[in-house]
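Visitor: If you want the building blocks of each chain, they are given just below.
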Amino acid sequence: MHVDYFNCVKKNNMGRMGLILLVIISTIAIFAPLLTFYHPAETSPNTLQFPSAKHPLGTNDIGQDILSRVLYGARTTLVVAFLVGITSTLLSAFLGGTAALFGGLYERIVMRIADVFLTLPSILVIILITSYVRPGLLMLVIVISAFSWQGGARVIRAQTLSLKNKAHIAAARTFGAGNLYILRKHILPDLGPLMVAGFVQHARRAVFMEAGLAFLGICDPTTVSWGIMLNRALEFAYLNVWYWLLPPGLALSLTVLSFTFLGYALEETVNPRLRVKENA
Amino acid sequence: MLKINDLKVCYGNYRILKGIDLEIRQGEVLSIVGESGTGKTTLALTLLGLCQGKVEGKVTLEDENILTLSEDEKRTLRWNKISIVFQDVARALNPLMTAGEQIMEPMLENKLYSLEKAKARVLTLLKEVGLSQGCADLYPHQLSGGEKQRVLIAMALANNPEVIILDEPTSALDAITRVEILKLLKKIAAGRTVIVVTHDLSVAAKLSQKMAVLYSGRIVELGETKKLLQNPKHPYTRGLLRSFPNMTTTKDLQGIPGRQENVLEGCTFHPRCTQKISRCEQEVPELEQQADRKIACHRGGIVTLLETRDLVKKYNRVKALDKVSIELVEGETLAVVGQSGSGKTTLAKCLMGLEDSESGEIFFNGSKLVNRKKEFYKQVQMIFQTPQECISHRLNVLDAVIEPLNIQGIGSREERKEMAKKALQEVQLAVDDSFLKRYAHYLSGGEIQRVAIARALVINPKLIIADEPTSALDASVQAKIIRLLLDIQEKRGLTMLFITHDIALARKISDRVAVMLSGRIVEEGPTCEVFSSPQHPYTRDLLRAAPELSSHYSQETKTLQYCQVLKLQERSGY
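First to last, the sequence lines map onto chains A and B. When we follow this note's numbering, the leftmost residue of the first sequence carries the number 120, and every step to the right adds one. When we follow this note's numbering, the leftmost residue of the second sequence carries the number 481, and every step to the right adds one.
Mixed in with the good hints, there may be bad ones.
[What the hints assert, rightly or not] Only some residues are given here: those of chain A computed to face chain B with a beta carbon under 7 Å:
| id | residue |
| --- | --- |
| 1 | Asn-284 |
| 2 | Ala-286 |
| 3 | His-287 |
| 4 | Ala-290 |
| 5 | Gly-295 |
| 6 | Ala-296 |
| 7 | Asn-298 |
| 8 | Gly-311 |
| 9 | Pro-312 |
| 10 | Tyr-383 |
[What the hints assert, rightly or not] Here are some chain A residues pointing at chain B (derived, C-beta under 8 Å):
| id | residue |
| --- | --- |
| 11 | Phe-156 |
| 12 | Ala-160 |
| 13 | Ala-289 |
| 14 | Ala-291 |
| 15 | Thr-293 |
[Said to hold, decoys possible] The list that follows gives simulated cross-link-like pairs (lysine-lysine, BS3-like), each with its CA atoms no further than 30 Å apart:
| id | chain 1 | residue 1 | chain 2 | residue 2 |
| --- | --- | --- | --- | --- |
| 16 | B | Lys-794 | A | Lys-283 |
| 17 | B | Lys-853 | A | Lys-304 |
| 18 | B | Lys-607 | B | Lys-561 |
| 19 | A | Lys-285 | B | Lys-561 |
| 20 | A | Lys-283 | B | Lys-917 |
| 21 | A | Lys-285 | B | Lys-942 |
| 22 | A | Lys-304 | B | Lys-942 |
| 23 | B | Lys-858 | A | Lys-304 |
| 24 | B | Lys-853 | A | Lys-285 |
| 25 | A | Lys-285 | B | Lys-858 |
| 26 | B | Lys-858 | A | Lys-283 |
Quick caveat, the hints were computed from the structure, so don't treat them as lab data. We put the beta carbon where it would ideally sit given N, CA and C, even for glycine.
All chains should be modelled from the sequences, with the hints used to inform the complete structure.
Guide: What follows is the structure in structure tokens.
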């Protein structure tokens, strides 16, 4: 499985689309300070203004520039997405991989915990926890990750189990290799495609989750987040503030869409059975 | 009785004999074997008092020290008490004297017989050695090699000595003449004390009851000829036996690594020994009694490297291994043969720790294996049956061969690369960059198998468990690889557990063979014995099924009776 992810994704129409979208959103997030005139937290007496040359998307109820908030909001979303993607992928790889490698009681315990997490409606649990904790960004990442590793762990365990019995791993053992060497050199590289696909899935879920929690108003209200914007804007919906409501919604949809497209494309490269015949 | 005590001989500074202790009883035939240059002939000449070098020690014949005798006394000793049949038949006879005159010479010189009686005795002696009476008047150039040899033997018998020394009695003769001369020697040896000096082990086997193996001026192994030849315990004796072409053993010829050196310290054989330890380089081993023989080796002879006792492995209810006990000594090949499903691969996996055995013990290097550490895998390597699968698709040739070195942490990066290249060269593969960067799945079956072998060899293991290493190869590549493994065995004392279903191959490469059937070893022994007189019906079937080149296939003996019985039993749920 020598997968050239970049090229495979590039060849795929959906993948190309998702990639372009993600690059645009990331660029905006990175260069947000250059693209805006106001700091997103900066208030002004000009509240609830209609879009104008000064404020291209108008201002909100406390006079903050909506454009600034949308652009800066991409930062929060992407940071959460990437961090959750990485932590939950590593967590699932570690737990699934070690469970398969060590076996025995350890494996049974880990897999039963994974089963419990799978059966729990994790969104509800996360809402419950976060509404008590009122987490900051980092805490939010941890909480979301803690509830999204289980599916990945099962997949990775299954794959590791099949890898474990491969002859080249037996060969490595007969050279005197320990579990860690085998995990690092022989198993992780072959789990790569699965982990990349998992990463995108987790990231997409995290975008959704963060926005959702913020929309419900159960996270730090000072964060610049699309969810919070939606939440606030809905309160003023009677004033017909479409310029406030629409942009964060659109941005959110595009981000989720980009991850979804990427996910589809990756899945196709990883699982050749889904691949549409190229030369047919 | 002839007794030799601490005999030392040197020519100038060069010590040729370094302390020989021997005892030859009356009527006993002792052979002294070894490569040329080990001091065999010097020993023979010293016994006759003909040695030119400086001699120390004692040689006692009938309570008389030969070495301290005056030149005159020695002269009466020669031919009367000790005589010799010289090595170089062509040069030992005087071309200007007839055969009869030469046979008479010792008799007349010592004034034991009158001329008349001597002439009569010549004729009886000629008859005794199987020559016609007419030969007495012939000159050496008129005699054939065999006849000259007989004349020399007659000379040695002339004065009816107690001790006869035969120095390479048959080295220059053709096979048929050789057999005749051996018969003659056997006849005349009866009742006499005979020392046979030879490098021809078959001569030693035919003539002698006792055998002393001489190396570099020291006796390394001493015991009954039959036992020494059947089961050599000193690595040198085994080396001699392996390099000696004969009709008894079937394994390909192998030599002894290195060449004879003048060793000043430690065991004389240590530079060529494959199982030496540091002690061997410092101390001289004493010739010590060990079970049925005397042996001079710090390690007590060839060591047992791997031993299993009653190994049992079950897969559910099927017994894959049923009380398997094998023993592997240093530098030998044990072939495990049997049809597929007989438990051969399971045995390999249990030995390597890839499968756990239910019960039974494994001993490695004399100590029981409980858990296998890195150190174990540095000494024991496995060549897998499926080379394509045992090399990760992510590794190119170089990475694959370097992997064992990385895991074992041997050498620096550069050194590892060099070692890997060397191993690849050993298995006759290219070492250019384009080949080193190629992935395993781009290689041919033969190439990938050799890469797998190079991986096993690169950390220089002592024991290789080879599971059908050549089953996927065509015969010519297989021949090369087998040659390579045997060469390494010769050079480094590589021990091999060779799993194969190819009986013909097993016959050529193994010292011993174990026949496996349904997880049990049904027959085990020296390859030549097992294959020439198989005891178990299954072994007989295996031999019948072995490949051969003759076109006769219709013989009724070709039916595999035992296998048919087995199949019937299986069908009836036995």
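Visitor: Give me the numbers of the hints this structure contradicts, sorted from smallest to largest.
Guide: Checked against the structure, the hints that fail are numbers 1, 7, 8, 9, 10, 11, 12, 19, while the rest are satisfied.
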